[in-house]
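Given the coordinates of chain A, assemble chains B, C and D onto it according to the supplied hints.
Protein chains in written order, with my numbering: chain A, 5 to 384; chain B, 5 to 384; chain C, 5 to 384; chain D, 5 to 384.
Calculated directly from the structure, the hints in this document are not laboratory data. Every residue, glycine too, gets a C-beta built ideally from N, C-alpha and C.
Interface residues of chain B toward chain D, partial, derived using beta-carbon atoms under 10 angstroms:
hint, residue
1, 86
2, 88
3, 102
4, 110
5, 112
6, 114
7, 115
8, 116
9, 117
10, 118
11, 124
12, 321
13, 326
14, 327
4 protein chains.
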Amino acid sequence: MVLTAHPGCTAAVMHGADRPVELQHFPAPELAPGEVLLETLFSEVCGTDVHLSHGRLAGVPYPIIPGHVSVGRVLAMRGVPRDVDGRPVRVGSIVTFLDVVGTCNACWFCLVAKTPNRCPSRRVYGVTCSAREGLYGGWSQLITLQAGVAILEVPPTLAPERVIAGGCALPTAIHAIDTARIQLGERVLVQGAGPVGLSAATLALLSGAGAVYVVERHEVRLAMAREFGVDEAIRLDETGSRGHVERVLSLTAGRGVDVTIEATGVPAAVKDGIRMTRDGGRYVVVGHYTDHGEVGINPHTEINRKHLEVRGVWGVDFSHFHRMLRILDRYGARVAGGRGWEHMVSRTYGLDEVNQALSDVETGRIVKGLIRPNPVRPSP
Amino acid sequence: MVLTAHPGCTAAVMHGADRPVELQHFPAPELAPGEVLLETLFSEVCGTDVHLSHGRLAGVPYPIIPGHVSVGRVLAMRGVPRDVDGRPVRVGSIVTFLDVVGTCNACWFCLVAKTPNRCPSRRVYGVTCSAREGLYGGWSQLITLQAGVAILEVPPTLAPERVIAGGCALPTAIHAIDTARIQLGERVLVQGAGPVGLSAATLALLSGAGAVYVVERHEVRLAMAREFGVDEAIRLDETGSRGHVERVLSLTAGRGVDVTIEATGVPAAVKDGIRMTRDGGRYVVVGHYTDHGEVGINPHTEINRKHLEVRGVWGVDFSHFHRMLRILDRYGARVAGGRGWEHMVSRTYGLDEVNQALSDVETGRIVKGLIRPNPVRPSP
Amino acid sequence: MVLTAHPGCTAAVMHGADRPVELQHFPAPELAPGEVLLETLFSEVCGTDVHLSHGRLAGVPYPIIPGHVSVGRVLAMRGVPRDVDGRPVRVGSIVTFLDVVGTCNACWFCLVAKTPNRCPSRRVYGVTCSAREGLYGGWSQLITLQAGVAILEVPPTLAPERVIAGGCALPTAIHAIDTARIQLGERVLVQGAGPVGLSAATLALLSGAGAVYVVERHEVRLAMAREFGVDEAIRLDETGSRGHVERVLSLTAGRGVDVTIEATGVPAAVKDGIRMTRDGGRYVVVGHYTDHGEVGINPHTEINRKHLEVRGVWGVDFSHFHRMLRILDRYGARVAGGRGWEHMVSRTYGLDEVNQALSDVETGRIVKGLIRPNPVRPSP
Amino acid sequence: MVLTAHPGCTAAVMHGADRPVELQHFPAPELAPGEVLLETLFSEVCGTDVHLSHGRLAGVPYPIIPGHVSVGRVLAMRGVPRDVDGRPVRVGSIVTFLDVVGTCNACWFCLVAKTPNRCPSRRVYGVTCSAREGLYGGWSQLITLQAGVAILEVPPTLAPERVIAGGCALPTAIHAIDTARIQLGERVLVQGAGPVGLSAATLALLSGAGAVYVVERHEVRLAMAREFGVDEAIRLDETGSRGHVERVLSLTAGRGVDVTIEATGVPAAVKDGIRMTRDGGRYVVVGHYTDHGEVGINPHTEINRKHLEVRGVWGVDFSHFHRMLRILDRYGARVAGGRGWEHMVSRTYGLDEVNQALSDVETGRIVKGLIRPNPVRPSP
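Chain A with its partners taken away, still in its complex shape (with noise of 0.2 angstroms):
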């Protein structure tokens, strides 16, 4: 199918390591049956991003369009592609999309380990799908779907913009509270206020934790997750004195919280990290998407004397995703007192400025930044 109507449009193209995203004009994609075609109205960056403009993660295919969760409008589709609801995707909805394709359910990782997301053929929209393939990342006019992308269409109760941001972040987040196992009146700690530790503090608060702490290096997320109501935002204490590790003791009565869920990627907050949780608790690595060395961990009085349970979590499937929207259209609005989720998002960017966004997420100005690649249009 090809939209010989269309006149093409304009992607965000990574090049490599420490090179210059560039503006690059592509033609309308030949549609393959089961694809559907967006128009982009957000995407976002994130952390990943920028550890993608230093070639810090492995196996990408470079020249890549950045960009994995995207929210668009369909306009033209091949076949009659359905969402997991069983409905027919029209065109002119407003949907997003879990941003993997090809995992193969058919390998030892998918079928036994029940680890999909290390399946050798999942491939990650704006990560490891190459821009010679075809639009796979959100910094673009346009995205093509393929077949076999899990759709959801965005309810009309919830604004593009709320479902954005929520972004990658919620549904990792949803993945790190699962796995925390939350009971109600617990006390939780947050380490790291980006856009996962501010959604996972922010979800500890939905799910009737008892108190939620988090401790964070920069001024501006500390101010953030105050306004997403934590009970105590808590400045990273990086002298010998280690303030912030006495602080969460005095709070606990000096035995730790019931929680932790590290969200820095910083090693040595792990090491950290364990300090503050109590004897018998849980300890959630979702922090770590990249490399960056080791810290050193005592077996004896770090886990195995402290009855300590560590889980690492990486990446979502799609019932994170999907839990996703319902809890944005239920909570989306009630959270940062009354302000609603996208207040999280400090800036939003035109594909022109996209390099400005990665310094700026990189140094920490902001807390989320969203991409928008097409022009505002008046609404009808």
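Here is chains B, C and D on its own, set in the frame of chain A:
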């Protein structure tokens, strides 16, 4: 230790099945080592008390002083009893206590099966403690806490009325919610909107459920459920048309909810509830504290093919009671649209009104009734 | 791909409820891309086949070729199908396969509820595949494996007879045992000693159970259970005196076993089995693959006060099937006192004897029957 | 109760770090209510005793009588102590006991965090009980069981030698295996073949593992592991070439085992073991009972991306101890190729040889050593 100066007290005594509860005077008790004497601020009347009044529970050593969960002020003690945090109990402080004594921590039930609630030595205040042995129930102006009773100081931020509004229903509901393992965004059905059901529905809301539905027979309880914020309070349809089942299915795309919590005590509700639960869902039975007979279950369609998981929940342990205070302290004011947890209380009765209280609970005229054994004193 | 030289094959076809199975000739199939053609070495006859012969399952597209789990030799293929370990399937090798095709990995059941066995697209070889569409059942000299069927090569250390002796019952029993989470030294009761029950009892022994008891009605199956080494094979007492219940209670100090696995398909067995399970125990329902009506359950005494956990188990996924081969390879020779897993097989039938086979299973004259569609050839 | 006729006994007393253990005479103890006096049949020497002899544990109230798990014959008692099944303890019977006393069942650790092994009141026979207070260790001809110590009668089918061969290592290994939740057919790696590691490997075999591998440094322990039937006993390669890691990976198609149990106490083993565990696997740390420092862990590659679950296991509770007897009674004779669990015992020492016993354990010359404080008497 004899409190020679104390004039003794009045208590309400239940003498056996279907006999009126009568008031009786008791001398001030002689405290054994480790015992604590409370002036009762509040106790409550619950469904179990109605069952007791009809002789429906086995092994009850009538005469008894009813009232299991209570809040009181420490009048005296012998020795230095400590609370769970190791702090000495102080005269004048407001406390509550887990209503269990004698769990042996030495038998097969306690140590091997890890079901201490089935320990043969266990006795429950207000239920299986005889009035001939001591002031072991809350429908009395004084309560004697035996050595080993687990005591919790009520924090000054928490009014005694709010604690007793939680009462025995709230920790039971916490246990049920823990067992249900609700994930953020999942849909929850609660069957029955008595104190346990209402508490469970409210906790499900606090747990970040995607929606909370209640099915109930009495209009006063449906109205209360709405005031506590459930998404939909559905009147039980006892005709053959099964309107409530159809309603829940239509709210869930025909699939049923993810989790159902049964809090009715009516056997037929179990069959009904399974019908409203999705394939692969969880069904928690918490309402059946007395024997009301059987219900027909089809193992093929209702368990096996449905991949259903059914879990029985009986009573609480101290950890549920401990978290109750933390939950009330944090969330107790904001529930029921800011009316607070005490909004669940329909009426407060004096000791001379306990027969009326029992009748009101039995007929469903009230949701929750308190007992206030001592006259209200002006605050100092 | 057309196998022009192949003369075609004979298959046994079931035409509907209570009609005799008849032999029919089929031409050699034309293979589509990704398909594999097997020469059938063994298939089996199981309780589901008896249900099929009476029309007790819904949605069966008669005529069908029965036989879900089978073992065969690869005759031909089109393209390069691979097994779960990524190795290409080779002509001449001995394989088995999970009897499921079409699970969509795209719907709510597959992706959100994570119950792919409830996926509406799922079809099962020998059960819900029509004989009009292809050679999709094991009671045939040839079997066509559709693209996407999960194939496992049988290791050379494992005889095809042993694999089919595991058959469909063993992976089902693995699923049940996984669900039962038996701890070392726990006592296990299995209700029913058909192939699923015997397999579950044998796996419980292999799991380090403290004791394994079997309750069963047929003497031939009780004898078989003893030969497989259970601690006690107890004859079902269908009089009012309930001798089997008393026996199990007396073996467990009056408490009941830690875990019970139901493998009878008789509703009354569920009530019986709960009675023989201890407080706080686990009850796994795996036997109810067709609807045999209801049983009266008392939610108070049998679930709530008992702290019981009941779990339904339906079918298997590939991970159970994959582990079956590993378990058979390691333990298959040593079970049944060294007689091997194939000791469970009572008789092997030719295609012309399948009606007799159905009758023998239905009347309980045999434990497990095999179907060998092709004449035995002398080994090369 | 004074045993006036008893001449008293000899015990081995440890006076502090790096001082020889010395024999000392004690008078027969005066029993308090609920206490039981044992004539010691066997105690043991374990790695913890070596740590104690070097002062490596905090909070040890030297002088102590070492020996935590022991088996003895009841000589006398005061009152009617009962075992966990409610049967009165009888003079002359053979018993063993959980080596813990004083767990309060009243503090935050016991009641809320549910980690009674972290209860501040808990004391351990042979470790944290002072010899100044009583005969509270097994390296003594007599042992005084304080009221509340959990006692188990050894069944007549079980020789005392077999029970003590289980000793403290077996219940610890049961706890580790419970935590590891091995599924039938899964591959298990055990690091270290001291008594805990050998017990864990043997239990993994009894649990139906698909394969059990052991990595160990000492040749005598490797040989023992082979005699206990592990699939492969692999010598620890301490060169840079890492042969043992390569060997485990090659045995598992390059993926690593499903479950690893660490039983070495060497920090570097944790890193090593994670390398040999598959994505999505489980890693149980049970070997680290003293502080041997840190190991560098990479949170990205070794936890997060790997979806790893790490669990610390410290000590046991009574349920592990209780199941130990059932496991030994059932499986104790058949392990080690029919040599029985006591095959793990390398040597039995008299009280005058305990310094030699400590040295033999420390240097790895033996696998497990027993202490027999009383001379062997001819059987009656």
